[in-house]
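A.B. asks: Model the placement of chain U on the given structure of chain L, informed by the hints.
Protein chains: 2
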Amino acid sequence: MKTGENLSRRDFLKAVGIGVAGIALGASGVLAAPEVRSFIDDNAKSKNKINFYGPHQPGITTKYPKHVYFVSLNCEVKSKSELKELFQSWTEDSVRLMNGEVMPNSYNTLLPPNDTGETAGLDVSHLTLTFGVGPSLFEKAELGLQSRKPPELKDLPHFPRDQLDPKYVGGDICIQACADDPQVAFHAVRNLIRNARGKVTMRWAQAGFNSYPVRNGKKETPRNLFAFKDGTGNPNVDSPEEMNRFVWVQPFESADWLTGGTYMVVRRIQMFLETWDRTSLTEQEATIGRHRDSGAPLGKTGEFEDLELDRKDERGNPIIPVDSHVYLAKQTKDRILRRSFSYSDGINPETGAFDAGLLFISFQKNPQQFINIQNSLGRLDKLNEYITHRGSALFACFPGVQKGSYLGAALFG
Amino acid sequence: MKTGENLSRRDFLKAVGIGVAGIALGASGVLAAPEVRSFIDDNAKSKNKINFYGPHQPGITTKYPKHVYFVSLNCEVKSKSELKELFQSWTEDSVRLMNGEVMPNSYNTLLPPNDTGETAGLDVSHLTLTFGVGPSLFEKAELGLQSRKPPELKDLPHFPRDQLDPKYVGGDICIQACADDPQVAFHAVRNLIRNARGKVTMRWAQAGFNSYPVRNGKKETPRNLFAFKDGTGNPNVDSPEEMNRFVWVQPFESADWLTGGTYMVVRRIQMFLETWDRTSLTEQEATIGRHRDSGAPLGKTGEFEDLELDRKDERGNPIIPVDSHVYLAKQTKDRILRRSFSYSDGINPETGAFDAGLLFISFQKNPQQFINIQNSLGRLDKLNEYITHRGSALFACFPGVQKGSYLGAALFG
Numbered sequence: 003m004k005t006g007e008n009l010s011r012r013d014f015l016k017a018v019g020i021g022v023a024g025i026a027l028g029a030s031g032v033l034a035a036p037e038v039r040s041f042i043d044d045n046a047k048s049k050n051k052i053n054f055y056g057p058h059q060p061g062i063t064t065k066y067p068k069h070v071y072f073v074s075l076n077c078e079v080k081s082k083s084e085l086k087e088l089f090q091s092w093t094e095d096s097v098r099l100m101n102g103e104v105m106p107n108s109y110n111t112l113l114p115p116n117d118t119g120e121t122a123g124l125d126v127s128h129l130t131l132t133f134g135v136g137p138s139l140f141e142k143a144e145l146g147l148q149s150r151k152p153p154e155l156k157d158l159p160h161f162p163r164d165q166l167d168p169k170y171v172g173g174d175i176c177i178q179a180c181a182d183d184p185q186v187a188f189h190a191v192r193n194l195i196r197n198a199r200g201k202v203t204m205r206w207a208q209a210g211f212n213s214y215p216v217r218n219g220k221k222e223t224p225r226n227l228f229a230f231k232d233g234t235g236n237p238n239v240d241s242p243e244e245m246n247r248f249v250w251v252q253p254f255e256s257a258d259w260l261t262g263g264t265y266m267v268v269r270r271i272q273m274f275l276e277t278w279d280r281t282s283l284t285e286q287e288a289t290i291g292r293h294r295d296s297g298a299p300l301g302k303t304g305e306f307e308d309l310e311l312d313r314k315d316e317r318g319n320p321i322i323p324v325d326s327h328v329y330l331a332k333q334t335k336d337r338i339l340r341r342s343f344s345y346s347d348g349i350n351p352e353t354g355a356f357d358a359g360l361l362f363i364s365f366q367k368n369p370q371q372f373i374n375i376q377n378s379l380g381r382l383d384k385l386n387e388y389i390t391h392r393g394s395a396l397f398a399c400f401p402g403v404q405k406g407s408y409l410g411a412a413l414f415g
Numbered sequence: 003m004k005t006g007e008n009l010s011r012r013d014f015l016k017a018v019g020i021g022v023a024g025i026a027l028g029a030s031g032v033l034a035a036p037e038v039r040s041f042i043d044d045n046a047k048s049k050n051k052i053n054f055y056g057p058h059q060p061g062i063t064t065k066y067p068k069h070v071y072f073v074s075l076n077c078e079v080k081s082k083s084e085l086k087e088l089f090q091s092w093t094e095d096s097v098r099l100m101n102g103e104v105m106p107n108s109y110n111t112l113l114p115p116n117d118t119g120e121t122a123g124l125d126v127s128h129l130t131l132t133f134g135v136g137p138s139l140f141e142k143a144e145l146g147l148q149s150r151k152p153p154e155l156k157d158l159p160h161f162p163r164d165q166l167d168p169k170y171v172g173g174d175i176c177i178q179a180c181a182d183d184p185q186v187a188f189h190a191v192r193n194l195i196r197n198a199r200g201k202v203t204m205r206w207a208q209a210g211f212n213s214y215p216v217r218n219g220k221k222e223t224p225r226n227l228f229a230f231k232d233g234t235g236n237p238n239v240d241s242p243e244e245m246n247r248f249v250w251v252q253p254f255e256s257a258d259w260l261t262g263g264t265y266m267v268v269r270r271i272q273m274f275l276e277t278w279d280r281t282s283l284t285e286q287e288a289t290i291g292r293h294r295d296s297g298a299p300l301g302k303t304g305e306f307e308d309l310e311l312d313r314k315d316e317r318g319n320p321i322i323p324v325d326s327h328v329y330l331a332k333q334t335k336d337r338i339l340r341r342s343f344s345y346s347d348g349i350n351p352e353t354g355a356f357d358a359g360l361l362f363i364s365f366q367k368n369p370q371q372f373i374n375i376q377n378s379l380g381r382l383d384k385l386n387e388y389i390t391h392r393g394s395a396l397f398a399c400f401p402g403v404q405k406g407s408y409l410g411a412a413l414f415g
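Protein chains in written order, with our numbering: chain L, 3 to 415; chain U, 3 to 415.
Derived from the structure by calculation, the hints contain no laboratory data.
Computed from a prediction, not measured in an experiment: that's the story for all the values here.
One or more of the hints may lead you astray.
To be verified - Here chain U is said to cover these stretches of chain L; the calculated rule only asks that three of the stretch's residues, wherever they fall, bring their Cβ under 8 Å from a Cβ of chain U: (1) 121-128; (2) 140-149; (3) 218-228; (4) 245-258; (5) 397-410.
For glycine and all other residues, C-beta sits at the position ideal for the given N, C-alpha and C.
This is chain L alone, in the form it adopts within the complex:
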């Protein structure tokens, strides 16, 4: 059920007996008495827990994600049963992590600690864990999953202005950890990967953040690093009808094992902040098609007012420019659930500019929703002057897990 290391740790604990004084060979080669400690932590008492179990995975419609640690993995196991065991093991780990439990809370000091420990005493901080599988996983003949690959799960097409860097592309498996605290999100991914040693290797990862303006005690749409609100046009996560229409795969809409799941698009979008910052507000707003401060469509005052793309000024010109980001994005009827994060990764030593931008993440029941929008933006989008897509990946996110079951049961079972 667990990695080799954990197995031997358990065997070892069984062999020496927890709490029984004895003699064992320490890592330093010195004979020492194994000491078993119990580490009681307050995390588990926290009220800031998200339930792992449910019809859908957490971290998709969960509101107000503040920090993310996203990782894309290569699958190294050689059989479907091993892969199944990995996801079974991760299911157990995820429940513990999202409950804020140190995993597990007693340990033998002559072995590596079961938990890397950097969240000891920290709140569980609304941790969510979300798992997905990429197209390349289904191409590994040894796993025997070729016939289970949904036709929609394939690499995203090359879009006109893409300048992808291979170090931010693809992946067999992904984990998205979100929390109010970056250390809690990172800790979760680190421990999940550690517990899968030899079964997965890391391909790429990206940390990111979101900050929510609060007005009258209510959290508002966060702003990206261009200072524009990001996510205004999202479908309503509180509406099961809208979620079923745009996000959750319905029966017969994709592979059977994905019913109740969703597709996750991840794009690492570099933003040229210095260029943007030299641009007039008028031009910035014409680029986006919205007012910066209010988030309202151009010529309007409320963030959530209808775009009314066909509005014209006195001279008959469109009020929302036809090459603006929002105009082009709305040329299709497709809607996606954007759940993006900003990143700031220091300076690009070659250009001397900020290495900063957006970890764009969107969820949709069919990748075509994203592809249609991206194709509509195409070469025309005025925003292209200020951004470049450097990373890209697509994953199918399993449906939620019922107690007693495990992640991907319908695929591996």
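C.D. replies: For chain U alone, coordinates are given in the frame of chain L:
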């Protein structure tokens, strides 16, 4: 007083008259009426403000820094008077930023916004800004500051296990922004650098975070990514006596202009998390010389108990190993104020390992305090197996600013 761009912006505003309707050439080349908007923000009402003015700069003894955005800059101005103007301008900007004011809060839409805007609606989040100058600044003949260079302000020596990467080394000027919110810290640095366009260029930067366990309503020492508490041995920032002894430069102790200031050591320390995580707890604790969970010296139970390095076990062996990090660090009587942050910058594509570690920052009245400790650690420190120093810089941080004065007045005045 301000950059060329701001000068022309102000001139422009003067020319068109704020709020006066008129005609001007927009960025898109279309004649348009300049629109002047007032952007009222709630930030300025926040209680979470740190005072910029005082005998010492903020961000040095300010407690519980959560997020940092640190940037090292190249100085591009060619005269002392321009440098003075830069720091005068940054003084004004810093006061506004730390007060949570959008800078300034009215603007003409045909010009780039005065403020990049991504903190609109966000709390000021205990923002602190701390400025320092590096040895290389004093070697620029055109600035005429050669004679003002304190003998202590020179590049740190090469330490035995250093593997410095040029892209994380040195700098003429540094800015440390700390806040409870990463977007607030990043915004401050971005706007300070934007307002200094043409006067500075960016050399390297690093974002980082700290998470504070809270027990009985009190914040505790944060843990680094090795899960060990970081900063337990710090002098007491609430004790002016200890701060004057270890941190604040006293009269005649260094250059006159640095009295009331301090030296800032910055080291980007890569941590080999995967190796650490394969190490037994006994070995981890022997490496540090403290217990992981409690932070107590080996063989003790309280985090703040005396180390008593000469304690021996029944067989006469030192309880705290003589090659442990804490044992070696305490071989000198030197003390420093550690104020470090963790970072997690994704995956190193060459090794497939986490690019994660510690942005080590320490403040001391003389860099020799740090050098002595680092030399004592030398080749012996057991921790060397698990870490590598990749970045390094030293800065002299000005004393605090009195209202009406400006950063570095004693150096540039």
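A.B. asks: Against the structure, test the hints numbered earlier, and report the numbers of the ones violated in rising order.
C.D. replies: Hints 2, 4, 5 not satisfied by this model.
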